[in-house]
Amino acid sequence: MASKKYDMVIKGGRVIDPALGFGKDAYVFIKDGKISKIATPTAAVEKEIKSLDADQIVDATDKLVVPGLIDIHVHLREPGREAAETIESGCRAAAAGGFTAVCCMPNTTPCIDNQETVKFVQDRAKDADARVYVVGAVTKNIEGKELSEIGDLVKIGAVAISDDGKYPQNPEIMRRGLEYARMFDIPVMQHAEDQYLSAGAVMNESYQSTRLGLKGSPPVAEEIAVLRDIALCRFTGARLHIQHVSTRQAVAAIRAAKKEGVRVTAEATPHHMVLTDDEIGKEFNTNLRVNPPIRTASDRDAVIEGLVDGTIDCIASDHAPHQDEDKDCEFDLAPAGMIGLETTLALVKTYLIDKGYLAWADAIRKMTANPARILGLPGGTLEEGSPADITIIDPDKKWTVKADKFFSKSKNSPFIGWKLSGQAYMTILGGRIVFKQ
Amino acid sequence: MSRLHSRHLLGLEDVPKEDISLILKTTDSFREVIDRTIKKVPTLRGITVLNLFYEPSTRTRISFELAEKRLSADTVNFSTSTSSVKKGESLRDTVQNIEAMKIDMVVVRHSSSGAPYYLTKCMDANIINAGDGAHEHPTQALLDMYTIFKKYGKLEGLRVVLVGDVKHSRVIRSNIWGLKTMRASVALCGPSTLLPYEAEKFGCDMYTKMDEALDGADVVNVMRIQLERQQSGLFPSQREYTNLFGLNKDRLRLLNKNYTVMHPGPMNRGVEITSEVADGANSVILEQVTNGQAVRMAVLYLLSGRKEEGE
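So the sequence lines, in the order shown, correspond to chains A and B.
With the first letter of the first sequence counted as 1, position 107 gets the number 107 in our numbering; the numbers rise by one all the way through.
With the first letter of the second sequence counted as 1, position 282 gets the number 282 in our numbering; the numbers rise by one all the way through.
Treat the hints as calculated values from the structure; they're not laboratory data.
Since the structure is predicted, the reported quantities are computational estimates derived from the model, not experimental observations.
Straight-line distance between alpha carbons at most 20 angstroms, and here's what the computed SDA-like set of lysine to any residue pairs gives: (1) A:Lys282 / B:Arg7; (2) B:Lys201 / A:Asp278; (3) A:Lys215 / B:Leu227; (4) A:Lys215 / B:Pro191; (5) A:Lys215 / B:Glu200; (6) A:Lys215 / A:Pro335; (7) A:Lys140 / A:Arg176; (8) A:Lys327 / B:Gln96; (9) A:Lys327 / B:Met123; (10) B:Lys121 / A:Asp326; (11) B:Lys121 / A:Glu283; (12) A:Lys215 / B:Leu195; (13) B:Lys201 / A:Ala297; (14) A:Lys282 / B:Glu13; (15) B:Lys121 / A:Ile416; (16) A:Lys327 / B:Asp93; (17) A:Lys215 / B:Gln231; (18) A:Lys215 / B:Glu13; (19) A:Lys215 / B:Leu234; (20) B:Lys121 / A:Gly281; (21) A:Lys215 / B:Gly233; (22) B:Lys121 / A:Asn285; (23) A:Lys215 / B:Glu228; (24) A:Lys215 / B:Tyr197; (25) B:Lys201 / A:Glu279; (26) A:Lys166 / A:Asn141; (27) A:Lys282 / B:Pro16; (28) A:Lys282 / B:Ser6; (29) A:Lys215 / B:Phe202; (30) A:Lys140 / A:Gly80; (31) B:Lys121 / A:Glu325; (32) A:Lys282 / B:His8; (33) B:Lys151 / B:Tyr259; (34) A:Lys215 / B:Gln230; (35) A:Lys327 / B:Gly88.
Let the sequences and hints guide you as you build the complete structure.
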């Protein structure tokens, strides 16, 4: 029997691929795990579809068909803290959130600063519901002292390096990290935080921290770190990627650096675009404790402005799972971080698209083509021959965030109970349906 | 029957004027009780109160404990130094275990801001905040307000200066909320490194010059300065602090004639306040301590929900 011409066809949806500049009603044909073609609905195409079996056809009427979303900032907790998340559960959460690829940060136990640990993650991710790309550590055990064997990490597949969460305080180490990474043309991903200024802080320094008597991290702790590394980036000619930008001045610094031609890119999280530190005061909700902290309305607006004008290249969740036991405590004793893979798409829809800041195509670009470009990842497009990583979005689906519906092993989201709009309807990874609503 | 709006006292920020007035009015009757020969009433008989002290405290703990005993409550004392917290037990598990032994009210002192609020999520008991981090210390502010009220017969329109480490002081925060609710005029004074970010949003006058702050004030409430703040670089020396912000006899001349000097204790004599001023005729520092017990009796009584019984 002859092999099928196609394995799957998605019909009836509006296809948006910012990388191709494509945005209209079309059919997507999949064969051997790859995009075979995108075709607008002509008589010939309709005829072609009629020859297919019904179970090969995915009906995407009233839905958006986009390249599989890519989240370049995720914590999968394995190895070391499997009770909070595993590679398997994290990837299931990714698929449920519409993500077909994630980049995992190296602050695991042991730290991802060697080939063995990279290999371990890659092995665990082989059959997972999302592609996992590894970000290795800049310094050994992310201690900010000695460079990791970055060449080894890249050789086995690391796509970038970062000491995420532990910004190298010593500028000399950061300089060497940037210079060394330049050899491999990978970016250094940077969590910007001058820890002299933020020592002991548990929230943003603002009127709210003053009111609550909580130690605040001043926005200038982020601004200084961003400015320092932009200067080092300019000097070394390396590639710098600023993670989870959260302050008005950091956005301004990145905007100016880009204008100047410094090789800097940036990401922001939905929670920094949606929340303000006013929220903490109501209940001392430990799920609002994140790093960088939720800041003021002015900072939130600046992050949105940066996203709109292109200063911020992509949207990343900074998915940071923590068990209930760890978050169920006094605010200042709680670990920082919230989960985000399963709420990112809906928060972007509800708070950026519905409010008129971004068109769908802009939002999709920041979750597909741009992250793929920054890290040189395959995917991020529906171009013929690309992996058939596809997200079908139900753009106006109304839903309420519920803790028991999360696929992530951890439920530490401040958005539980929120009513949102837009949701992943189906997630396809290499031609295989890994999630269906 | 008058009732407080909340069954807990977590802070003064959201406490309405009528509740503060009710507490101050109720304090009067308990102030009379502690002046009696037999300083005990059966008001809280059968009620068990847990004094949950996660942070060292002498005067607040004793003040609460005496208040409870004088209301005939059964009391249980807990301090972290002698508890299973040292074995790593969480706050939730600790309090839920104690509550399983049937307690009705909890007086909590904790170094984490918001810990009393967290307890309301963990247990059914009435919670009274006896100081949480740098957040609030409502009974201290209530006793301060009661002391001022007894002297002037009002709070509205008085000019009260709070001097010291505004950044880390829970006493100052509770005083700000309470005094502003009662329509007093509040001024904050301290080194700029100890005035926290955007403190002007509290709606108080702000000063870094002591003489300007004191000019025309009725009440000056001096806060203790901690040596560790100097060690962490927030001011250069106690000597310089004393020169710039210490309350001494010379500075008293700037105050209104019928001025009042207050301090929540413990005092660093010779640092933030001279002995001459602390022990002077216009000092109400020890009266604050006595009133503190009566205020705490009033709060315990009002929150216990047993207003009909007792005296």
